[in-house]
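Protein chains: 2
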Amino acid sequence: MRQRISLVTLGVSDYARAKAFYEALGWSPAMDIEETAFFQANGSILVLWSRAKLAEDMGIADDGARWGGIALAHNVGSQDEVHQVIEQARSHGAEITREPSATFYGGYAGAFRDLDGHAWEVAHNPGFGLDGDGNVVLPTS
Amino acid sequence: MRQRISLVTLGVSDYARAKAFYEALGWSPAMDIEETAFFQANGSILVLWSRAKLAEDMGIADDGARWGGIALAHNVGSQDEVHQVIEQARSHGAEITREPSATFYGGYAGAFRDLDGHAWEVAHNPGFGLDGDGNVVLPTS
Numbered sequence: 003m004r005q006r007i008s009l010v011t012l013g014v015s016d017y018a019r020a021k022a023f024y025e026a027l028g029w030s031p032a033m034d035i036e037e038t039a040f041f042q043a044n045g046s047i048l049v050l051w052s053r054a055k056l057a058e059d060m061g062i063a064d065d066g067a068r069w070g071g072i073a074l075a076h077n078v079g080s081q082d083e084v085h086q087v088i089e090q091a092r093s094h095g096a097e098i099t100r101e102p103s104a105t106f107y108g109g110y111a112g113a114f115r116d117l118d119g120h121a122w123e124v125a126h127n128p129g130f131g132l133d134g135d136g137n138v139v140l141p142t143s
Numbered sequence: 003m004r005q006r007i008s009l010v011t012l013g014v015s016d017y018a019r020a021k022a023f024y025e026a027l028g029w030s031p032a033m034d035i036e037e038t039a040f041f042q043a044n045g046s047i048l049v050l051w052s053r054a055k056l057a058e059d060m061g062i063a064d065d066g067a068r069w070g071g072i073a074l075a076h077n078v079g080s081q082d083e084v085h086q087v088i089e090q091a092r093s094h095g096a097e098i099t100r101e102p103s104a105t106f107y108g109g110y111a112g113a114f115r116d117l118d119g120h121a122w123e124v125a126h127n128p129g130f131g132l133d134g135d136g137n138v139v140l141p142t143s
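Sequence lines, in order, name chains F and U.
Per the working numbering, residue 3 is the first one in the first sequence, and the count goes up by one each step.
Per the working numbering, residue 3 is the first one in the second sequence, and the count goes up by one each step.
Please keep in mind that the hints were generated in silico from the structure rather than gathered at the bench.
Predicted, not measured: the structure shown is a model, and the values here were computed from it.
A portion of the hints provided could be inaccurate.
As the list claims (entries may be wrong) - Partial chain F-side listing against chain U, Cβ under 7 Å, derived: (1) 29; (2) 60; (3) 67; (4) 70; (5) 71; (6) 138; (7) 139.
As the list claims (entries may be wrong) - Computed list of chain U residues with no C-beta within reach of chain F, every gap over 12 Å: (8) 18; (9) 19; (10) 22; (11) 81; (12) 95.
What the hints assert, rightly or not - A few chain U residues that don't get close to chain F, going by computed Cβ distances all over 10 Å: (13) 17; (14) 68; (15) 108; (16) 110; (17) 128.
In this text, a Cβ means the ideal position worked out from N, Cα and C, and glycines have one as well.
Generate the whole structure from the sequences, applying the supplied hints.
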C-alpha cells in the first residue's frame, strides 16, 4: 500500500445544502454528477456524497454519529487567515468548536464543523512550511 | 478558503498499535514525535494521534463512535492490487467491511476498517486516471 489518500469522502444528509456550503467557502467542484461532488484538492480529492449510500457502499452500519475521530486540517499562511476562514465558515452556518487561539505546538488554530458535523481545523503552524501549492512541508529530521 | 486538505488526522486509542498497523501496510512516518506520527502522502499528510487529545484540541465532545460518515479512499491501478491491499490489511487485523467486488460506477473495490474503525476504500476506477505520483486524475468535462 502506497502512502496515498486518493479521496476523502464526506457523507452528507442533504447534498444540495452540503455542496452550497463548500461553494460558499470558495470550493468549486471539478465534477458534479448524480449528487456526487468531486473537488480537486492538493493531490487528494474531496468528495461529497450521500452518507447513507456511502455507508452502504462501504459495508458499514451507520448509527448516525457526527464524530468518528477524524479531523481534516486546512493549513494557512498566517493567523489572520485563520480568522478569515473561521469567520467565513461561521457566516455560512458552521459550528465553531474552537475559536482561533494559540496551540500547544506553537501555532495558531481554530476549528469548525460543517453542516454534517465533519470537523476541520484551520491552522497556522510556523513549524511547518507551506510550499507554492500550499502543501505542508514537514521539517526534515 | 483554498481547495486543500493539509492533514487528515485519525484519532487512535492505542498509538503504538495504530502506528504498527500502518507500518505493516507499508507506510513509514516522516516524523514521529510525542506519540504523533506524520506520514507524507500525496500533498496531504496522514497523522495518527490520540483520539482523546484530538477531540479536546478540536473542541468536540466524543461519544466514542467508530464511524462519523467519513471514508478515505486509496486508489490503485488494477483489480489485483485491490485484492493485494485488502489481504494485507486483513492479515494485520483489519476488519474487511467489503470484500473486493465490482462497483456501481464500473470499478472494483474492497473496504477495510483500521484497528480504530477508520474506514478505507481500496479502489480501482478505470474511469479515473492515476498520474505518475498515483494521484487520481478527474476526467475533464
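We went through each hint and held it up to the structure:
no.	hint	in the structure
1	29	holds (5 Å)
2	60	holds (5 Å)
3	67	holds (3 Å)
4	70	holds (3 Å)
5	71	holds (3 Å)
6	138	holds (5 Å)
7	139	violated (9 Å)
8	18	holds (17 Å)
9	19	holds (14 Å)
10	22	holds (14 Å)
11	81	holds (15 Å)
12	95	holds (14 Å)
13	17	holds (13 Å)
14	68	violated (6 Å)
15	108	holds (13 Å)
16	110	holds (13 Å)
17	128	holds (14 Å)
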